[in-house]
Amino acid sequence: MTNHQTTTDSTAPRAENSGDISSTEALKEAAPAVFPIMLGIVPFGLAYAIVGRAAGLTAGELLLMSAAVFAGASQMIAVSILSEGVTAAGVLMVATLLVNLRHVLMGATLAPHVERFSMPRQALIAFFMIDESFALTINRAERAGFSFRYYLAVGLLFFCGWFTVTGVGIAIGGLIEDPFALPIEFVMPATFMVLVVPFLRTSTGRAAAAVGAIAAVLGALYIEGHWYIAIAGVASAVTGTLLETYHERRSDAR
Amino acid sequence: MRAEFVLLILAMGAITYATRVTSFAVLRLTGMPAWLRRAVRYVPVGVLVALILPTLLIQDDRLALHLGNHYLIAGVFTAFVAWKTKNVAVTVGLGLAAVFALAFIGL
Numbered sequence: 416m417t418n419h420q421t422t423t424d425s426t427a428p429r430a431e432n433s434g435d436i437s438s439t440e441a442l443k444e445a446a447p448a449v450f451p452i453m454l455g456i457v458p459f460g461l462a463y464a465i466v467g468r469a470a471g472l473t474a475g476e477l478l479l480m481s482a483a484v485f486a487g488a489s490q491m492i493a494v495s496i497l498s499e500g501v502t503a504a505g506v507l508m509v510a511t512l513l514v515n516l517r518h519v520l521m522g523a524t525l526a527p528h529v530e531r532f533s534m535p536r537q538a539l540i541a542f543f544m545i546d547e548s549f550a551l552t553i554n555r556a557e558r559a560g561f562s563f564r565y566y567l568a569v570g571l572l573f574f575c576g577w578f579t580v581t582g583v584g585i586a587i588g589g590l591i592e593d594p595f596a597l598p599i600e601f602v603m604p605a606t607f608m609v610l611v612v613p614f615l616r617t618s619t620g621r622a623a624a625a626v627g628a629i630a631a632v633l634g635a636l637y638i639e640g641h642w643y644i645a646i647a648g649v650a651s652a653v654t655g656t657l658l659e660t661y662h663e664r665r666s667d668a669r
Numbered sequence: 006m007r008a009e010f011v012l013l014i015l016a017m018g019a020i021t022y023a024t025r026v027t028s029f030a031v032l033r034l035t036g037m038p039a040w041l042r043r044a045v046r047y048v049p050v051g052v053l054v055a056l057i058l059p060t061l062l063i064q065d066d067r068l069a070l071h072l073g074n075h076y077l078i079a080g081v082f083t084a085f086v087a088w089k090t091k092n093v094a095v096t097v098g099l100g101l102a103a104v105f106a107l108a109f110i111g112l
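From first to last, the protein sequence lines stand for chains A and B. For the first sequence, the working numbering assigns the number 416 to the initial residue and increments by one for each residue that follows. For the second sequence, the working numbering assigns the number 6 to the initial residue and increments by one for each residue that follows.
I should point out that these hints are in silico values taken from the structure, not numbers from a laboratory. The C-beta atom is built at its ideal place from N, Cα and C for all residues, glycine as well.
Going by beta-carbon spacing under 7 angstroms, a handful of chain A positions derived as facing chain B: (1) Glu476; (2) Met480; (3) Val501; (4) Val519; (5) Pro527; (6) Gln537; (7) Met544; (8) Val609; (9) Phe614; (10) Tyr643; (11) Ile644; (12) Gly648; (13) Ser651; (14) Gly655.
If you want the footprint, here are the derived chain B segments under chain A, 3+ residues with CB under 8 angstroms: (15) 13 to 20; (16) 40 to 47; (17) 56 to 66; (18) 76 to 87; (19) 93 to 101; (20) 104 to 110.
Derived list of chain A stretches under chain B, where covered just means 3 residues or more per stretch with a C-beta under 8 angstroms from a C-beta of chain B: (21) 445 to 452; (22) 484 to 491; (23) 509 to 515; (24) 600 to 608; (25) 623 to 629; (26) 632 to 639.
Given the sequences, and given the hints that come with them, work out the whole structure.
Rendered as C-alpha cells:
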C-alpha cells in the first residue's frame with residue numbers, strides 16, 4: 416500500500432501535495448474511521464458471497480466481481496440476475512447502470528474538492544467512490560479540508576476489506592445461517608450520525624437535512640431500489656440553494 | 006472461471022466505473038457552473054440522512070414509528086450521543102448497548 420502511494424506521488428506534480436498529510440498519517444486517521452463502517456459492511460459481504468455461491472457463481476468469479484465492480488448493491492443484484500445464466504446480460508448491464516447512477520451525484524459533489532488534481536489522480540479517486548468512502552471524505556473535507564491521501568487510504572481499506580469479506584463468505588458462508596442476525600446493521604447509521612453533525616451547524620444545513628430526511632424516507636418506502644439516496648441528496652441541494660438565494664435577496668433588498 | 010461470466014463481470018465493472026468518473030470527466034471539460042458549485046454543498050447532508058434514517062424507521066417495507074421498533078428508540082438515543090460527543094467509537098458503542106438493552110428487557 417505504501418509503495419503504491421509513493422509511486423503515485425513521485426509522478427504527480429508537487430503542488431498537488433501541498434498541505435496534505437503524510438501517507439502514514441493518512442492511514443492512522445483513516446483506519447479508525449473505516450473500522451466501524453467496515454464492521455457494518457461485513458454482513459452485506461457475507462450475504463453477497465452466500466447468495467452468489469447458491470446462484471452457481473465460482474469463487475473466482477465472485478472475488479473478481481468484488482475487485483472489478485466494488486459496489487455492494489449492484490453486486491447483490493448481479494448475482495441474482497446471473498443465477499438465471501448469461502441470457503440476461505442486457506438486463507444485468509441496465510441494472511448495473513441504474514443502481515450506480517447515484518455516483519454521478521457523488522462525483523459532482525466531490526468535484527470542487529478534486530478539481531485541482533491531475534487526471535490520473537481523479538481517475539484513481541473515482542475508482543474508490545462508494546457511499547462509505549464518500550461519507551467519510553466529505554465529512555473530513557468539511558472539518559479539515561479534502562486530503563488526497565486520506566481519501567486513498569479510506570478507499571484502499573474499504574477495497575481490501577470488501578475483498579477479504581467476500582473471501583471469508585465464500586469459505587465459511589455455509590456455516591452462517593443469517594448474516595444479519597446480530598444488530599450489526601445498526602453500526603452504519605450510528606456512524607453516519609456522527610458524520611452528519613458538521614453539516615448541521617447552520618440553519619440552512621438543518622433545513623436541508625430535514626427536507627432530505629423526508630425525501631429519503633418517502634423514497635425508500637415507495638421507490639424500488641436505491642434511488643432514495645440520490646433523491647435525498649438532490650432534495651437537500653435544492654433546499655439549501657433556495658434558502659441561500661432567499662437570504663441573499665433579503666440582505667440585498669436592505 | 007467461465008469466460009463469458011468474466012466478460013460480463015468486467016463489463017459491469019466498466020459501467021460502474023463510468024458512473025463514478027463521469028462527473029469528474031465532464032466538469033473537467035466544461036468547468037463547474039456557480040449554481041452547481043453552490044448546490045452540491047448541500048448534497049452530503051441529504052445523502053447522510055438517507056444512509057441513516059431508512060434503517061431506523063422502516064421495517065418490512067413499512068414505516069415503523071412505534072415503541073416496538075428498537076432501532077428507532079435506540080436511534081434517538083444514539084443521535085443524542087453523536088451530537089454531544091462527535092465520537093464514532095463512543096456513539097457506536099453506546100448505540101449497540103442500547104439496542105442490546107432494549108432486546109434484553111424486551112420492551
